[in-house]
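The listed protein sequences derive, respectively, from chains A and B. With our numbering, the residue at position 303 of the first sequence is 306, and numbering never jumps. With our numbering, the residue at position 219 of the second sequence is 317, and numbering never jumps.
Quick caveat, the hints were computed from the structure, so don't treat them as lab data. Computed from a predicted structure; not experimentally measured. C-beta: ideal position from N, C-alpha, C; glycine also. Each hint should be verified, as a subset may be incorrect.
Said to hold, decoys possible - Some chain A residues judged to face chain B by a derived CB distance under 10 Å, without partners named: (1) Gly88; (2) Arg89; (3) Trp105; (4) Arg109.
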Amino acid sequence: MILDVDIRHRQGAFALEARFRSEGRLTALFGPSGSGKTTLVNAIGGLIRPDHGRISVKGRVLVDTKRGIGVPKYRRRIGYIFQEGRLFPHLNVRQNLLFGRWFTPRAERAANFDAVVELLGIEHLLARRPSALSGGEKQRVAIGRALLADPHLLLMDEPLASLDEARKAEIYPYIERLRDEGGVPIVLVSHSVAEIARLATSIVVLADGRVIASGPAAEILRHTSFFPQAGPAETGALIETRVSGHEGAFGLTMLATRAGTLTVPNLDLPVGTPVRVRLRARDIILSLTPPEGMSALNILPGTISSFGEPDGPSIDVEVDCGGDSLIARITRKSAERLSLRPGLPVHAIIKSIAFDREVLGGAGGERDL
Amino acid sequence: MTDWLSPEEWAAVRLSLKVALTAMAASLVPGILVAFLLERGRFWGRQALDVLVHLPLVLPPVVVGYVLLLGFGRRGPIGSVLAEQFGIVFAFRWTGAALACAIMGFPLLVRAVRLSIETVDRKLEDAAGTLGANPAWVFLVVTLPLIMPGIIAGMVLSFAKAMGEFGATITFVSNIPGETQTLPTAIYTLTQVPGGEAGALRLTLASIVISVGALLASEWLARRARRRFFA
């Protein structure tokens, strides 16, 4: 178990009561402002001491109030990337990066300075002062500084909240690389559905200081009711696919899913590469018969497994496509007209696919088909 | 250059510099420590310590000097112990002048350092902690560099106070040429004797030169400290 948390903490009128476990490479703590996300990561990082409970990271007990254990933050070996970077203003970038290394036991210094600098693309900044960096550069240096202390876990408290979309797009790929190659498990605090859909492998949903759901990202993201503030546009299903082939003449790439093949504009990736796609509920149309004479390329057969709560004129329909679960947001009127019910075979017509990673060299991870 | 001032006058200038630098250096570490205790500490008696540190600022200097004489004099409770056990004598020695100046300048030093500690972003200290620095290291490599401008300001204030200290010094260690006669007491003495005006004027000029020099040096140091942050 990477992360095992069971704590209670009171801060003024706010009460946090959180219990969850996570095995994920990137665990997202999701919830609206004031739901207790930051208090929770502060407890994990040792910035606050919870009133009751226990926290363990990779089997190492950091807090256990019953046994009187409370490892101080400087002995936890947990990297913390703050919202505002918090670089030391009196040190240059290189000195900031090497700060934690100083305090890391010699035998545990595994992170390679040059590799981290290269991974984050900050070679040209090494001699500068933090005051001469942009917001995105500051956050990249902050990530590097935390990594070079060889942490057992990385905490990221909305590291991109203060950045605009362009800057965020600049940092996402680095976090993805860390998640996929870094070997350090990450806990990411976020209140953006798009962000966690893109980055998370596990999700813990918080509301009013309580954990209301936790589990693998694909599973949690299907439950639209956890993300009320995100709006209907954001709900959708997350599907793991694999590049199965290319059709060079048409500039297309085939992705294999459990229910069938998805065709997308050419991805410059070798066959076999895993690609995560997000199918938004509003981008899926349901049909009772196999559609013909349509331009849409992506049609997956499946059976209706359940219905969500009606929301105004719309309703979410969950469709099981060979084990992968899709969500379609349709009107209640169509649901009635087609007399949709659980167990009914249907065809899901997919209008648009959002990609998890920026496979086409940057801008915009979304393709309309 | 040297005949600009008479040998006695040079002695006063040298002694003043020695006393002021010693007072400043000796009060530096305790000053930073006390500033931290007062700004960050949560302990019983903090208020009392605050009042004690600030007393020299509000008491007449002569009173401070007299209290020092009672306490650190040859027969005083502290002075007698120090003299017998360690052979340290303050009364009517230049060390006594340094002690008096250090105590008079102490509240100024503490206030300046305290103000700069108040402006330190505690979040940076937290960040250093998560990177593995224990509280002592956090203080040395994060807090101390960040409050350096305040420390420099405090040192200058302490030095300037020592250069000008009169009441406590003359009460505690008197006005012995070559031993305890500092610039202000020398000027005072010269104004009391017929024909001393020229000497008083020369020492006044020396005093101005030293003060302006100290001010310029501190400006330069503070600018350097600031430039390290914003270069």
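inquiry  = Using the nearest Cβ pair, does Arg109/A come within less than 10 Å of chain B?
reply    = 13 Å, violated
task = Grab the minimum C-beta distance from Gly88/A to chain B and call the hint holds if it beats 10 Å, violated otherwise.
result = Check passed: Cβ of Gly88/A comes within 9 Å of chain B, closer than 10 Å.
query = Does the CB of Trp105/A sit less than 10 Å away from some CB of chain B?
reply = 8 Å, holds
Per-residue hint verdict: Arg89/A, partner chain B, C-beta under 10 Å = This interface hint holds because 4 Å falls under the 10 Å limit.
Violation of the numbered hints given earlier is confined to hint 4; every other hint is satisfied by the structure.
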